[in-house]
Amino acid sequence: MHLIPCPYCGQRPQDEFHYRGDATVKRPAPDAGEQAFYDYVYTRENPRGWHDEWWHHYAGCRQWIKVRRNTLTHAVAASAGPADALPEATP
Amino acid sequence: MLARPEPIADRYSAWRLLTESLSSNRGWKPAWRKPEPKPAYDVIIVGGGGHGLATAHYLASVHGITNVAVVEKGPIGLGNAGRNTTIVRSNYGLPSNTRFYEWSLKLWEGLEQDLNYNVMMSQRGVLNLFHSDSQRDATARRGNSMRLQGVDAELLDREQVRAMAPFIAIDNPMFPIFGGLLQRRGGTARHDAVVWGFARAADRRGVDIIEHCEVTGIRREGGRVIGVETTRGFIGAKKVGVAVAGNTSRLATMAGLKLPVESHLLQAFVSEAIKPMIDSVVTFGAGHFYISQSDKGGLVFGGDLDGYNSYSQRGNLPLVEHLMGAAVSMIPSMSRLRVLRQWAGIMDMTMDSSPFICKTPIDGLYFNGGWCYGGFKATPGSGWCFAHTIANDAPHAFNADLTIERFRDGRMIDERGAGPNPWAQ
Amino acid sequence: MTSRRLPAGGLIDRSKTIRFSFDGRELSGHPGDTLASALLANGVRLVGRSFKYHRPRGIMTAGPDEPNALVELREGARREPNSKATEIELHDGLVSRSQNRWPSLAFDVMALNALAGKALSAGFYYKTFMWPKRFWETLYEPLIRRAAGLGRAATEADPDHYEAMHAHCDVLVVGSGAAGLAATRAAGEAGARVILCERDALVGGGLLICPQHQAWHAEMLAALKALPNVEILPRTNVFGYYDHNLLGGLEQVADHRREPGEHEVRQRYRTFRAKQVVLAAGASERLIALPGNDRPGVMMAGAALTYLRRFGVAPGENVVVFTNNDSAYETALALAEAGLGQVTLADVRPQSELAGVVAARGVQVRLGTEVAGFDGKVALLRPRGGTLGDPVVADLLCLSGGWNPNVQLASQSGAKTRWDATLASHVPGEPVQGERSAGAARGLFGIGAAAHDGAEAGEAAATAAGFQSKPGFALPELGRSEQALAPLWEVKAPGKSFVDLQHDVTAEDIRLAHREGYAHIEHAKRYTTHAMATDQGKLGSLVGAAILAEARGEPVEAVGVPTHRPYTMPVAVGALAGHTSGAHFQPVRRTALHDWHLRNGAAMQPTGAWLRPFYYQKPGETGWAPIFREARAVRSAVGICDVSTLGKIDVQGPDAATFLDRLYINSFSTLAVGKCRYGVMLREDGIVFDDGTTSRLGDEHFLVTTTTGNAAPVLEHMEFHAQTVWPELDVQFCSVTDQWAQIAVAGPKARETLAAAVEGLDLSNEAFPFMGVGEGTIAGVPVRLFRISFSGELAYEVAVPSSQAETVWEAILAEGKPFGIEPYGLEAMSLMRVEKGHAAGPELNGQTTAADLGMGRMMKKAGDVIGRVLASRPGLADPGRPRLVGVRPVDPAQRLRGGAHIVGEPGSGTSLGWVSSVTQSIEHKCWIGLALVENGESLKGQRLFAVSPLHQESVAVTITSPHHVDPENARVRA
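Chains as they are written, first to last, in the working numbering: chain D, 6 to 96; chain S, 230 to 654; chain C, 378 to 1351.
It is possible that part of the hints are untrue.
What the hints assert, rightly or not - Below, computed lysine-lysine pairings styled on PhoX-like, alpha-carbon distance capped at 20 Å:
#1 258/S to 495/C
#2 487/S to 31/D
#3 525/S to 429/C
#4 504/S to 429/C
#5 873/C to 429/C
#6 335/S to 510/C
In case anyone wonders, no lab produced these hints; they're calculated from the structure.
Okay, chain D solo, but in the shape it has when bound (with noise of 0.2 Å):
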């Protein structure tokens, strides 16, 4: 089980939480055309390391948080709330 940090709930279970995935992909504009709303649904860095990422928190405060978070070794480094900005980089 591990510990997601909610920036408005403290560190909880990550069973309270839902995941969706890279939080880096941003959805285009609406006139964007299609290799750019395909690129948003579907293409992945997916890096092995650190990975900022959507996770849900549906047995909480229902905020979907941004947590910067490794892959590797499933460290957690920071969050953030939907409308806010992770710190820049994370060694």
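Add chains S and C to chain D, keeping to what the hints say.
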């Protein structure tokens, strides 16, 4: 379509086993050599798992291309090839999948003879259970699709399931069993033996299997691949095929490509060995649980993904608790059995749960990946189709739909309809 | 059979006698015994047969490392195969059986396998059984399967219960030997909340067999008892070290009794979230490979000491102790002091400081000596490296090849292990999580050294957890430092030398694996099955690795060890499942009207998480009868149905309409207040996600309904887009599914029924037309009314606060009575929706587009809509895709099957589509269905075939409109 096996110098046979035993087993040769890499090859296969080794074997045996190297960052067969639950089946509903997996199953059926290695392919049947009328209809759609394509499938009712698998809690309060779809030709095989068998067969035909040789770059020149950078130096190649389940995105990045793939964790479990209890492979649709019993006697089982991107091969407890709950719900007599070991593999999850075996925008570079959690059963078919694609620079009809472009074109092969959500597939 | 119980000594209660049975023989022991110690005390030497060669085997260890003494414990539904006799606490009425033998333990037919030994070398099965092809499944494999597998599982459901408990602590200590006790006390005195887990029933580890430290042991236990912040959990094995410093453990609550008490759990699965962890799980003694090292009568030296001192049992009379290190001298000494028979100590080292001490007590010490074979009666001793040996009569051979620190948990935590040349073993490396190892678990042996190290580790852990340490308790003296061991893995001599006793892997098998190229440790392990048995290779894993290293011509450390993964000891599946299985596998959702349904004959069925009435059965009704009756009531008069499970989301705010316009392919900004509209939403990939009606309750106030199954996913989808994609939109929403019960009233008499029940709302067609929304009261309860229809009849849905659902339901029923109102369930609803041609779950299956379902024209011309862009990809926009149509058998007597495929000709293998839903139509008096068929639109009126090869059926069908009843939609507007 299969090439005739060439005579192998040190063929395995019962007679040989006996004569060797009389000389204290001193005469056995290594199953594969440990060669130094040559400066260049016609084809380099990146990835010494089941798929990569099978590709090399079929390049040599079917297409006569023997100047081939398989480069592997560690020892062969210790990625997903050595971490799966060994299930073999072709019970898919969408024709693009059925075609491919059925060809793979046909190859399985002759694999021992082709490889002169007992991979213990055991056609003990794969039974998919369903738990409601609408699940039955969806399952029947799949079974009928299989039958129309000439693949074996049978629909069992409750009583037939009870007779076949008396250990199942058929009246489970939340997931009553309504029936099952049985593919008798499905079953299990011994995963390590598949790796070793392909390695030995490829090696005997001249393929160099180069272990402890990690690819660090894919060298290109004018839109064409010319070889790979490795921890043991540059190795030239006219063509490079990548088959690195779990790490496909990393290799794609080396080639400047971005794929519709996420890496996820899948756990598997084995119980202590017990006397025969479960004869076929059984999967439970509702409880996300599948199980079979190995020849050694251990119950081998698994379920859902852990549900977040990961390259760690470290499982997590929530999934364990859920899965064990499903196990006891479906097979109450499992409760007192002890689980001996747990392990995890990295799955390349695509955005429609189906794989790709295809060319790439870079000439001479081919990708084989996105096997989600179905890669083991695909091993011979994947190697065969990948070899064909590399040898002819064009796919075979069996893998013609298994492209990456299908996502761009809206021709997803989404068996479960889960959509572009890898964690939900 | 003579008693082997010593006249005195041991931590057993000789005043009480316990009766138990082994293979049907009635035997006795004492409280404090394990099954193993009791068997030994009764003179039982042969306890099992090995996996492959079915060789006779005896008790080898006194703990979880046991490879041989595996029994079927208990009977019937409580039967537990492969239970280690060394881990079973003896209890009255215990029933145990040996396993993997036929017909009996003493005479096992399968032992013939041993004669074919060399042909059954490692991996032999990969090289044969290939001819003829079909014989694998029919002959070879069934034989292999029957021969393998050890014990038998129970065949019935487990009558016992399990539970989970989750604990948080500052410091978790694993293991209660000198190091663990000292660590616990140090951390505890510093003020940290400490949990100490001990696998054994008794706390003390190695202290339990150290008479000279008894006083310190007792003082430590008393001191820990006095600390309120320290919790000690005996019988609790920590089985796994997971991410974020979470550990999993298993507490054996009632396994030491015949069965659990009333309302008592058998085992408790525990998790520990610890700030810091001290791993003090001790060390395991390792095997020496030599011919006959698997014979009954071979025992690890440490185990022999345990049987003597803890259980008061003589494991043998004339004993040879074979060692390469100092620790076994204590065993030799204890055996000699017990005054049993001749004790010979063979030490491979040329000299030993302890030789004189033990010789003075009667032990015959032979330095520079090795044991080159053992047959259960005689051990062959010879000078180290020599060829000629002399026989020494011995009924017991004790082995000590050195000690391996138990690094499993440290390794699981992510820490790499490090090779320690002095110990010739792996020790824990740099921690990556909040853990540290102490005592023997990191290679510091001896009570004094372990205690000092444990105290330091406990202090450091408490400091790291934020406590100021002030431990002030006495520790045992450090004691003499041990003489270095001489690494010894194998004595090469003719015969089978085992490295894995349970799986019958020999040193020669390892060398064969190497010769055949399986030279990597993982390959060798998998090829030979070395270290993969239920004892997890604790005795011989490293021995096998060393033999492989020698074959490779490399040092042992170059070979590495296989990765450690959970579980340190096997764990019952039921324990990990806890209470969440069977009826409690997942929470069950019930509607506010659940009890009414039960009182009124509803057949409740699980649908997803909900329990819903499928139909209401009346006496004498069978098969489809209740479903037809209910549907007929709706079609001809009036019916009432609980539709509360639909998802309901209340949406408010100035931008609510804009927000809904982007979620749905059709518009809601144009919807008038007091009206509702059917809507379809897509996933971003252009596939249909969900559908439902949305009502406008005010300018800035909407009520969205979703399908039952998608209630939660739709809400998350809305939250994701509102919070992260369009945070600028001023809109708020929340689920009100549980707050409102919803009741459908449908049928030609629905208006009359409701008009009699409702106050404050004019239900006339003019005042409250189709798709109207209004408010009123029923039985004094405020309700919302929606004029919407799923059945295709004149219909309303009544939303009522959940707490008053039954009042309103009963009031409507009462008013409907004159018209013959019937409650109807999911089956009748499904029948009518197929008749009406409404797409539902089987059609909204995650593979269909709006156009596939005939709703393509709902897509508004302009504006941002989720899924619009990717829905226009060629594969999804293809007009040839399967379209929703109706199907009816040409011969009305024939039945349709859901999942049948549509083909042009009966024998054709080319599928044009499939039948997604079927029912027996009460209007058409035949089976009807919905289907998705390529170019379906243009095939209407044509005759095709619905084939179900699974049923050997082929039915000629006519392709029709999906709307089997009232295609003009007149009834709903009546």
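Hint check results:
1. 258/S to 495/C: Satisfied, since the Cα-Cα distance of roughly 17 Å is no more than 20 Å.
2. 487/S to 31/D: Holds, at roughly 16 Å.
3. 525/S to 429/C: Distance of about 10 Å is within 20 Å: holds.
4. 504/S to 429/C: Distance ~13 Å between residue 504/S and residue 429/C Cα, so the pair holds.
5. 873/C to 429/C: Holds. Residue 873/C to residue 429/C sits at ~13 Å (cutoff 20 Å).
6. 335/S to 510/C: 14 Å, holds
The structure agrees with every numbered hint stated previously.
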